[in-house]
Amino acid sequence: MKRAVLPCNGLDKQHGVLARELALRLMETQGAEVICPVLLNNSPARYEKALAEAPLLVIDGCPTRCASKLATKLGLRVDDKLLVSEQAKAAGLDVGESLRPGPVGMQLVDVMEAGLASVEEPVVGEEPSASFESPTDYLTVTYDKFVFKIPGKDYLFNENDCWVRVIGDRARVGVSDFVQQSMTDIVYFEPAEVGRKIEQFDEIGSLESGKSMMDALSPVSGRIVAVNAQLADSPELVNEDPYGKGWIAEIELSDFDSDKGLLLNADSYSKVVEKKAAEAQH
Amino acid sequence: MENHERVGKDYEVTAEGNGTKVILMPCSGIGKVHGLIAREATYAVTDGLAPEGSETLCLALLVSGDEEAQAKIRKADCIAIDGCPKLCAAKNVEMAGGKVIRSIRVVDAFKDHRGAEPGTATTLADDGWTIAREIAADIAGCICAGTGEVK
Chain G
1 MKRAVLPCNG LDKQHGVLAR ELALRLMETQ GAEVICPVLL NNSPARYEKA
51 LAEAPLLVID GCPTRCASKL ATKLGLRVDD KLLVSEQAKA AGLDVGESLR
101 PGPVGMQLVD VMEAGLASVE EPVVGEEPSA SFESPTDYLT VTYDKFVFKI
151 PGKDYLFNEN DCWVRVIGDR ARVGVSDFVQ QSMTDIVYFE PAEVGRKIEQ
201 FDEIGSLESG KSMMDALSPV SGRIVAVNAQ LADSPELVNE DPYGKGWIAE
251 IELSDFDSDK GLLLNADSYS KVVEKKAAEA QH
Chain P
1001 MENHERVGKD YEVTAEGNGT KVILMPCSGI GKVHGLIARE ATYAVTDGLA
1051 PEGSETLCLA LLVSGDEEAQ AKIRKADCIA IDGCPKLCAA KNVEMAGGKV
1101 IRSIRVVDAF KDHRGAEPGT ATTLADDGWT IAREIAADIA GCICAGTGEV
1151 K
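Protein chains in written order, with my numbering: chain G, 1 to 282; chain P, 1001 to 1151.
To be clear, the hints were calculated from the coordinates, so they are not data collected in a lab. Be aware that a few hints might be false.
[What the hints assert, rightly or not] With a straight-line cut-off of 27 angstroms between C-alpha atoms, the simulated BS3-like cross-links for lysine-lysine are:
no. : chain 1 : residue 1 : chain 2 : residue 2
1   : G       : K145      : G       : K275
2   : P       : K1072     : G       : K69
3   : G       : K211      : P       : K1091
4   : G       : K73       : P       : K1111
5   : P       : K1075     : G       : K69
6   : P       : K1086     : G       : K245
7   : G       : K276      : G       : K153
[To be verified] From the derived model, a few chain G residues whose C-beta atoms are all more than 10 angstroms from chain P:
no. : residue
8   : C8
9   : P37
10  : P44
11  : L56
12  : P135
13  : T136
14  : D144
15  : G168
16  : S182
17  : A192
18  : V194
19  : E203
20  : E252
21  : G261
[Said to hold, decoys possible] Some chain P residues flagged as far from chain G (calculated, every beta-carbon gap over 12 angstroms):
no. : residue
22  : A1076
23  : K1091
24  : G1097
25  : T1130
26  : D1138
Each residue gets a CB set at the ideal place from its N, CA and C atoms; glycine is no exception.
Let the sequences and hints guide you as you build the complete structure.
Laid out in C-alpha cells, this is it:
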C-alpha cells in the first residue's frame, strides 16, 4: 500500500519549501499520494479514500506545524511525523535563507527520504485496457457550418453527451464530439477518484474551456478502475480525439443490463445532437 | 533543478516582507503543474518584478487559523493566484476576511497557449515558465512599485 503524505504549504519559509520538496520526492520515488493541505481543509472528502487506506505521514517545515494542526483539526490518524527544521539540526545541515532549495537543502531531502523507507509496494490504479481502440466508422450530423461525428457502432450515449464503449465487464467512457466542439478549446480536466463506486449519471470528471464548464455524467454504474492521466497535462486530447485518446475513465461494470435501458444508440443520439445544435443557434 | 537555477538568476527569492504591501496568495497547488506555475509566478513578482510593492503569505498558515496571518490578510489588499477552478486561494482569503482585489486562474492562461507542455508538478518545462512569467508580468503591471497600491 502506498503512503499518503500531508506536507505543509511550504511557501515562505525555507524549511517549509523542503517539506514540500520531500513530499514530491516521495510521490516520485515511492508512489506516495501527496495531499494538498488547503484542498484537504476545503474538501476533506476528496482524500477520504486515500486517508482511510494508506498510512499517513505528516511533514511540517517549522515549529508552527501547520500540517499537524490541520491533521488534528480534521481528526486524522497520523502514522508518522517529521519536522524538517529538527531534521536539519540533527543532520547538522544549514539550508540557508533562500526559498529555492540549494545543494544543502536537497542533501537534507536525500537524508530525510533515506529515513523513510517505502511502506510496501506501491499500489497504482489499474492499467487502462489496451483493447479500446479509436473508432473508424462514424455517422455525421451536419448543422450550419458544423459537422458532428458519432461512432456508428459499439458506442452508446446518454442524453448528457457522454459515450460508453463496453468490452466484457469493463467500459470506457468519455464525452462526444458535440461536447468538444461546443466547449471549444478545453484547457482543464479534473478526474474522478480511482476506486470510487458510482451510479449511472454520477459525475466522472469535469472539463473546462474558455467558454464553459461541464461535469461529465457516467452512462453506466460500477467502479472507476482507471482515469486518463494524460488529460491532466493534455486536456486538448478531448478536442483532438474525443472517442479515442480523449477518453475520461474506465469503469468496472456493475449493472450494465439495467443501465442500457437509459442509453441511446448512434442513430438515436444523432437526433439529440441535431436538436441541441439547433437550440444552440437560437 | 536546471530551470529553477535559470529563474533564480533573474530574481533571488528571500523570505523577507512587511505588512504594507499587496499580498500575493498562490494556492497550495502541490501535486499539480498548475499550482507550481501559480507559485513560481508569485515568487517572480515578490522577488523580482515588484518586491517593494508585494509579498506573499503561506495559505496553509492562514487556513490553520494562525491569528497573525489572519490579522495580516485583513489589513492588506490581496491578489489570489489559483492553479485550478477550485479557487482555494481566493476562497480562503475571503473566508479569512481578506479583500481579494484580483483573482487570477492559471488555467485561463492556458487558453492562449493551446497545446502547451508546461512540465510536471515538480519541474516546469519551457512552456510552463513562459506562462508563469506572463502571469507575473500581468500582476506586476498592476502594482505600483514601492507603494503597494494597485493601479
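Tested hints:
For the hint linking K145/G to K275/G, the alpha-carbon distance of about 15 angstroms falls within 27 angstroms, and the restraint holds. Proximity of K1072/P to K69/G is assessed by CA-CA distance (about 20 angstroms); at most 27 angstroms being required, the pair is judged to hold. Restraint check for K211/G and K1091/P: satisfied, since their Cα atoms lie roughly 22 angstroms apart, inside the 27 angstroms limit. A distance of roughly 38 angstroms separates the Cα atoms of K73/G and K1111/P; the hinted pair therefore is violated under the 27 angstroms criterion.
For the hint pairing K1075/P with K69/G, the CA-to-CA distance comes to about 25 angstroms; that is within 27 angstroms, so the pair holds. Restraint check: the Cα-Cα separation between K1086/P and K245/G comes to about 25 angstroms, which is no more than 27 angstroms; the hinted pair holds. Taken as a hint, the K276/G and K153/G pair is honoured in the structure, with Cα atoms around 22 angstroms apart against an allowance of 27 angstroms. With a cut of 10 angstroms on Cβ distances, C8/G falls inside the contact zone with chain P, its closest approach being about 5 angstroms.
Against chain P, the non-interface label of P37/G is violated: not every CB pair exceeds 10 angstroms, the least being about 5 angstroms. Distance check for P44/G against chain P: the nearest CB is about 12 angstroms away, which clears 10 angstroms, and the non-interface claim stands. Look at L56/G: its CB is around 15 angstroms from the nearest CB on chain P, clear of 10 angstroms, so calling it non-interface holds up. Every CB of chain P is more than 10 angstroms from the CB of P135/G (nearest about 23 angstroms), matching its label as outside the interface.
Listed as a non-interface residue, T136/G keeps its Cβ farther than 10 angstroms from every Cβ of chain P; the least gap is roughly 25 angstroms. Listed as a non-interface residue, D144/G keeps its Cβ farther than 10 angstroms from every Cβ of chain P; the least gap is roughly 24 angstroms. Separation of G168/G from chain P is adequate, the least Cβ-Cβ distance of about 33 angstroms exceeding the 10 angstroms criterion. The beta carbon of S182/G sits about 16 angstroms from the closest Cβ of chain P, which is more than 10 angstroms, so the claim that it is off the interface holds.
For A192/G, the shortest C-beta to C-beta distance to chain P comes to about 15 angstroms, beyond the 10 angstroms cut-off, and the non-interface label holds. Look at V194/G: its CB is around 15 angstroms from the nearest CB on chain P, clear of 10 angstroms, so calling it non-interface holds up. The beta carbon of E203/G is kept farther than 10 angstroms from every beta carbon of chain P, the shortest such distance being approximately 14 angstroms. Distance check for E252/G against chain P: the nearest CB is about 26 angstroms away, which clears 10 angstroms, and the non-interface claim stands.
Against chain P, the non-interface label of G261/G holds: every CB pair exceeds 10 angstroms, the least being about 34 angstroms. The Cβ of A1076/P sits about 14 angstroms from the closest Cβ of chain G, beyond the 12 angstroms cut-off, so the non-interface label holds. At roughly 7 angstroms from the closest C-beta of chain G, the C-beta of K1091/P falls inside 12 angstroms, breaking its exclusion from the interface. With 12 angstroms as the threshold on Cβ separation, the claim that G1097/P sits away from chain G holds: the shortest Cβ distance comes to roughly 16 angstroms.
The Cβ of T1130/P lies farther than 12 angstroms from every Cβ of chain G, with a closest approach of about 15 angstroms, so its non-interface assignment holds. With a least CB separation of 16 angstroms from chain G, D1138/P remains clear of the 12 angstroms interface cut-off, as annotated.
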